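Let chain A serve as the given structure and place chain B on it in line with the hints.
Below are the chains, spelled out letter by letter.
There are 2 protein chains.
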Amino acid sequence: MRNLDEQTVTQAVLDLLAGTPDPRLKFILTSLITHLHDFARDVKLTEAELRAGISFLTQTGQKCDDKRQEFILLSDVLGLSMLTVAMNNRKPRGCTESTVFGPFHVEGAPEYANGADIANGAIGEPCLVRGTVKDLHGAPIAGAELEVWQADATGNYDVQYPNLETHQGRGVLRSQADGSFEFRTVVAVAYPIPADGPVGDLLRATARHPWRPAHLHFMIKAKNYQTLVTHVFRNGDQYLDSDAVFGVRQTLVADWVKQPEGGYTLNYDFVLNPVG
Amino acid sequence: MRNLDEQTVTQAVLDLLAGTPDPRLKFILTSLITHLHDFARDVKLTEAELRAGISFLTQTGQKCDDKRQEFILLSDVLGLSMLTVAMNNRKPRGCTESTVFGPFHVEGAPEYANGADIANGAIGEPCLVRGTVKDLHGAPIAGAELEVWQADATGNYDVQYPNLETHQGRGVLRSQADGSFEFRTVVAVAYPIPADGPVGDLLRATARHPWRPAHLHFMIKAKNYQTLVTHVFRNGDQYLDSDAVFGVRQTLVADWVKQPEGGYTLNYDFVLNPVG
Chain A
2 MRNLDEQTVT QAVLDLLAGT PDPRLKFILT SLITHLHDFA RDVKLTEAEL RAGISFLTQT
62 GQKCDDKRQE FILLSDVLGL SMLTVAMNNR KPRGCTESTV FGPFHVEGAP EYANGADIAN
122 GAIGEPCLVR GTVKDLHGAP IAGAELEVWQ ADATGNYDVQ YPNLETHQGR GVLRSQADGS
182 FEFRTVVAVA YPIPADGPVG DLLRATARHP WRPAHLHFMI KAKNYQTLVT HVFRNGDQYL
242 DSDAVFGVRQ TLVADWVKQP EGGYTLNYDF VLNPVG
Chain B
2 MRNLDEQTVT QAVLDLLAGT PDPRLKFILT SLITHLHDFA RDVKLTEAEL RAGISFLTQT
62 GQKCDDKRQE FILLSDVLGL SMLTVAMNNR KPRGCTESTV FGPFHVEGAP EYANGADIAN
122 GAIGEPCLVR GTVKDLHGAP IAGAELEVWQ ADATGNYDVQ YPNLETHQGR GVLRSQADGS
182 FEFRTVVAVA YPIPADGPVG DLLRATARHP WRPAHLHFMI KAKNYQTLVT HVFRNGDQYL
242 DSDAVFGVRQ TLVADWVKQP EGGYTLNYDF VLNPVG
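If you read the sequences in order, they're chains A and B. Here the working numbering is used: the first residue of the first sequence is 2, the next is one more, and so on. Here the working numbering is used: the first residue of the second sequence is 2, the next is one more, and so on.
By construction, these hints were calculated from the structure, which means they are not laboratory data. Note that this is a predicted model, so its numbers are computed, not measured. A few of these clues could be false.
Stated by the list, open to error - Here are the simulated lysine-lysine pairs, BS3-like style, with alpha carbons at most 25 Å apart:
#1 B:K45 <-> A:K27
#2 B:K68 <-> B:K222
#3 B:K45 <-> A:K92
#4 B:K135 <-> B:K224
#5 B:K45 <-> A:K222
#6 B:K27 <-> A:K45
#7 A:K135 <-> A:K222
#8 B:K222 <-> A:K45
#9 A:K45 <-> B:K92
#10 A:K135 <-> A:K92
So here's chain A without its partners, still in its complex pose (with noise of 0.2 Å):
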């Protein structure tokens, strides 16, 4: 294992991975060492090159706390987030559809009762959610918990501010013995991803823009049945075919309804798969 080249270096990382004990540690790692090394032999990358990839890389990580993920974000925006979630949630038609998890959700979502107000003082105008969590034939899912994240009508997530020292906007509740659920929150709103970290360099340095679409997400989790990671997304709004981070089902937009004493509603029904 002397005088290794561009061409020979890659076979020598490739036999040290000969005593993985983990056979699918072992086939990932292969494939990933021989991605990463033709990637760069195509490019011919240069040494000013990768050392500015692992000052990004180290940026990016630095840049992650307790509040903010670096890395889920940039999964995000370059589609591997929405890649992973495609490919492992194939379901039957008439399944709520899955996507991306994003950035912002954060363990310890206070706990609240069927009907009550999860803005808990987020700004925005009043919004009514309703829904029922169902099975493939319509049977209703009792108790099943649904946890909500979403942005105020700043387009700020609860986490996002840096004094605030309770959740708004985020909570957990559960589903009734018929299945339904409802909550009020405010409007979602389109919103830009973060900018003032290395993911927001790239986007400036392709020229690409920040927005996702105004959206709801949702983590629902019900006993023999898979966990749905979702969003429910704002019909009209301009940036649906231009989500930065690619996660727009058409099944999951929905209606946000203005009602004439004020504020709005939105109905969402889930549709859960069953394990296995």
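Chain B alone, transformed into the frame defined by chain A:
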């Protein structure tokens, strides 16, 4: 750009590069995104595996500070650094070969007069290093800047000691009018690369050893010549054929000669490649 699937998402991401002003960046990102998506499809990456990868990269970034560069180490153990060095340093026969930069170079190494002791208190057996900086025709190159850095007898670089306030085994000196240089230091030993971070986890998960054969780092700069980043390796080292970062070239292996009066000597001449 709605309803993208695991195949169509790739072209959608590539299409957004259309407005990238820098053609080289566009070219690199096109290849990177293509390989990244192909990798994810080839291995059918799961959502849990993507999360694990994001967590690994996040930890790698967060392990970096002004004295530790875990992403360089990652690039090194994946062979990407050596591949890039090999691609970018094709030289006429007779020039000193290049090898990896490594993660232990820092700015601000102290300057020394020719003949000085750069160990500056580093632990180890004394060693006198001598040589000449020359061109391809054997003519001396005067005034070349030689930066040297190395581990001590315990296998640690100065920057790995958290409370060390001075530099040890690290310094900058200049070749004399006849191209010669000379300095005192300690004998280099084989050492394991730092294994207390994500790169160490990766090596353990793949049952790879972390050892590098004993070496001195050199970076040599001279006007009208390409900067040379290289090592001199110690002949007889048990890791010359299994360097954890794939950096050994036979032409860079030299004898550390034990002296009857104690200590060692190393003689090594460097041949620089002219610019252009």
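Outcome of the hint check:
Taking the CA atoms of B:K45 and A:K27, the gap is about 14 Å. The hint holds against a cut of 25 Å. For the proposed pair B:K68 and B:K222, the alpha carbon gap of about 23 Å is at most 25 Å, so the pair holds. Between the alpha carbons of B:K45 and A:K92 the distance comes to roughly 16 Å, so the proposed pair stays at or under 25 Å and holds. Taken as a hint, the B:K135 and B:K224 pair is honoured in the structure, with Cα atoms around 13 Å apart against an allowance of 25 Å.
As the CA atoms of B:K45 and A:K222 are separated by approximately 24 Å, the hinted pair is consistent with the 25 Å bound. For the given pair, B:K27 sits about 14 Å from A:K45 by alpha-carbon distance, which is consistent with the 25 Å threshold. In summary, the hint linking A:K135 to A:K222 is supported, as the alpha carbons are separated by about 12 Å, within the 25 Å threshold. Simply put, B:K222 and A:K45 have alpha-carbon atoms about 24 Å apart, close enough for the 25 Å limit, and the pair holds.
Between A:K45 and B:K92 the CA atoms are separated by roughly 16 Å; this keeps the pair inside 25 Å, and the hint holds. In summary, the hint linking A:K135 to A:K92 is supported, as the alpha carbons are separated by about 15 Å, within the 25 Å threshold.
Consistency note: the structure conflicts with none of the earlier hints.
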